[in-house]
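Read top to bottom, the protein sequences are chains A and B. Just so we're aligned, residue 0 is where the first sequence starts under numbering that gives the first Met the number 0, counting upward by one. Just so we're aligned, residue 0 is where the second sequence starts under numbering that gives the first Met the number 0, counting upward by one.
Hints in this document: simulated from the structure, not taken from any laboratory. A virtual CB, placed ideally from N, CA and C, is assigned to each residue, including glycine. Everything hinted at is true.
A few chain B positions that, by computed beta-carbon distances, are all more than 10 Å from chain A:
(1) M0
(2) A131
(3) M144
(4) A146
(5) G152
Label pairs and their calculated CB-CB ranges:
(6) B/D452 to A/Q169: 44 to 54 Å
(7) A/P226 to B/R397: 21 to 31 Å
(8) A/P24 to B/G282: 52 to 62 Å
(9) B/S372 to A/T136: 30 to 40 Å
(10) A/G105 to B/V449: 36 to 46 Å
(11) A/S122 to B/L453: 44 to 54 Å
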Amino acid sequence: MAFQALRTEIARIEASGRAPGGVLPFGVARLDDHLPAGGLQLGALHEVAGGGNGALHGAASALFVAGIAARTQGPILWCMTRPDLFAPALEQAGLAADRVIYVEAGDETAVLAAFEEGLRHGSLGAVVGEVARLSMTASRRLQLAAEESGTIGLAIRRWRRQAEAADFGQPTAATTRWRVTALPSTALPVAGVGRARWFVELIRCRAGDCADFELEACDETGRLALPADLADRSSQTPAWGRRAVA
Amino acid sequence: MVIASDAAAQAQRLYPGMAATQARALVPDLVVHDHDPIGDEAGLAELALWALRRYAPVVAADPPDGLVLDATGATHRHGGDEAFLADMVARASAVGLTARAAMADTWGSAHALARHVARPTLVADRGAPLMALLPTGALRIAPPMVAALSRMGIDTVAEVEAKPRAPLALRFGPELTRRLDQAYGRTAEPIDPVEAEDLVQVRQVFAEPIGAPETLARYTHKLVEVLCAALETRGLGALKLDLRFHRVDNRIEAIRVGTAKPVRNVRRMNRLLCDKLETVDPGLGVEIMVLTAPVAEPLDWRPVATDLTIAPVPDVADLVDVLANRFGARRLYRLAPAQSDVPERSFRKLAPTEDTRSEAWPRRWPRPSRLLSHPEPIETVALLPDQPPVSFSWRGVRRRVRRADGPERIFGEWWRRDGELDAVRDYFQLEDEAGERFWVFRRGDGERAVTGDLSWYLHGLFG
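Please model the complete structure; the sequences and the hints are all you need to start from.
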């Protein structure tokens, strides 16, 4: 009880000067239970990177982010330096093309500037920025801008070389940090490729624990799902999603 | 006398300076119009106004046949220097004008390069090296002077530049050295900008020159307030705003901002202008500030919707304006479906405030979230005619295919290019052992050689 009271107190102190942001649940109970607010906080910055080669091309992380953005209300601002997104795929993840405004900024600094400008504006649903380097100062600015306006900020971390991806270990002011890696897709009874699966790691979470999950990729409304063979398996098998990662 | 001749006339060997009777003799059915210098001047002034509305805040006519623009800070909205000039030439040719455009560091060298080097556009960071080999006529000096120089054996700009100054000035007067200095940027040459009579314009003259950034910002705000009042009495909203700073050394610094929709909001206009103030170099001080709205459209007050059931659509036009002025309007867009099945042609860019939605993308077929700008060739092991690869190597890494789906056949669009009449692409979705998914295609259907050479390419990456 005492802990609960303390938590409420801390939350009250933290919330001063912040727009009343809501929470965006994933709709997957196991995922939402791990997040302290019961979902992604709206007025906050969240970081997503791809695992393995995904750190370079960011295909899975872009879809993961598109799925989150799809479930917000209002237009989306997507800031990037390399215009290689394929809009039909975003639409298949639930993000309608007429909601997204793309900004093709010349360099990383410009991306961060556009990112912050979008977050400060306040009437956007979500702001997405594709950056390689995200310093503590830059992320702090973004986090504060997001807190002020209540808009969710989603940073896709994407590097040009595999060696640079080690940068993801550096601390930032983001509220949560995710890594999304492609897994072999759901098996089909016939030849073919089934629904994509991701290994989603929650690497850092403010006031929460790390966790990892095996999930099915976004459907046409941007929702993730627990794979049926994992969700319904018998209780004798060891729990798969409880390992904490460093 | 023949005054002007275009490419078609020159093909008939008609050149300026030729006697009219001689021209008539060469081309019997020649239609002759009287030379109308006043009409030409009026036309040029009209062109200057067009360029002012469209391209840059500081524009002047450069008689008899040119325009001069101060393009500082004006090109990024058109996608860079080359695109800026190309757009200008293309638009001029659309109304039947043959234009050439050059950009250089001084008026003099840009003038010379546009007339002698540009084919039809040219961007030179420094005009001086390119000037060297041009004939002396490029220096904007009178033809008798060119002839006199030629008699002295001086034919190019570099030769004039190499001569001692004093004898030249003694022989030709100050005009020659002044033009030379202007071309080489040793003497300032201010542009006296055109102003349209019906423009909404406010100005502020300072008794003492100002230069501090915060002072500039304060007076910008004041000017914006006055301009908004002026716009309101006329029922207009500004689509473009020019703020010119006349410096004490007779130079003009200018900033231009554009908006997606007509604007008459003091805060928004002030924000857009103040964003750009840092690009202004006040030099020794600013004497006059002039704020104009070269492009304005009717803007009336509209009643706010009072329907309680409809949530108001958030207006992001102000954010779009801020970003478009910072990064250039072309760098800000929405993507909309286009009528094509070829992936790289299946979308088109729209302005962020445009809203049209007619076509839709296929929802059922797999589409990768990242599309490579150029399909990259891969080496594959695959059975013909319609089996997916068993393995492939891309960027030096060999991958075994565990699952695959396809083919999705996309036919060439013969109405765009003749070569695509028979072309076929067969798209496959491949998944390797680690679970990474790729979008690859084979050129050709595997049966008829005319459809493609059976080479394989990787075109996209799935999430």
